[in-house]
Every structure is written in structure tokens, then in C-alpha cells.
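With the hints as constraints, model all of the structure from the sequences given.
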Amino acid sequence: MQDQQIFPEVRGRAVRLVRELREYLGDLTVTEAAARRVELLRRTGGEAGL
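11 is the number of the first residue of the sequence shown in our numbering; add one for each residue after it.
None of these hints come from the bench; they were simulated from the model. Among the hints, erroneous ones may be present.
Restraint ranges, calculated between C-beta atoms of paired labels, are given here [what the hints assert, rightly or not]:
1. THR54 x ARG26: 20 to 26 Å
2. ARG52 x GLU19: 31 to 37 Å
3. ARG23 x ALA43: 16 to 22 Å
4. ARG52 x VAL20: 17 to 23 Å
5. ALA45 x PHE17: 28 to 34 Å
These numbers come from a predicted model, not from an experiment. Glycine included, every Cβ here is placed at the ideal spot set by N, Cα and C.
See below:
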């Protein structure tokens, strides 16, 4: 687990991002989440990023 020692701040940010996405998406399935993302991209002209 050397990566955890080298990049603890990166891992911490990734863990927080995943936690935030889970809260935002709730209990959606992967397919539902993907459909929401595609719709968001359509409405924003593809400018929306994570």
C-alpha cells in the first residue's frame, strides 16, 4: 500500500468526491446516473464537468 503513503492528499480528495457523488446520486443505479449525466451534458452544451 505504498500509494497511500505517497499520495494521501490525492486519495483523501478521491474518497471525498466519491462520498459527495453517492450523496448526490442517492440510490440511483449506474444506468440512471449515466442517463442523468448525459442529460446534464445535453442541457449545458457539453460544458459541465465533474
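Okay, the hints, checked on the actual structure:
no., hint, verdict
1, THR54 x ARG26: 20 to 26 Å, "24 Å, holds"
2, ARG52 x GLU19: 31 to 37 Å, "34 Å, holds"
3, ARG23 x ALA43: 16 to 22 Å, "20 Å, holds"
4, ARG52 x VAL20: 17 to 23 Å, "31 Å, violated"
5, ALA45 x PHE17: 28 to 34 Å, "32 Å, holds"
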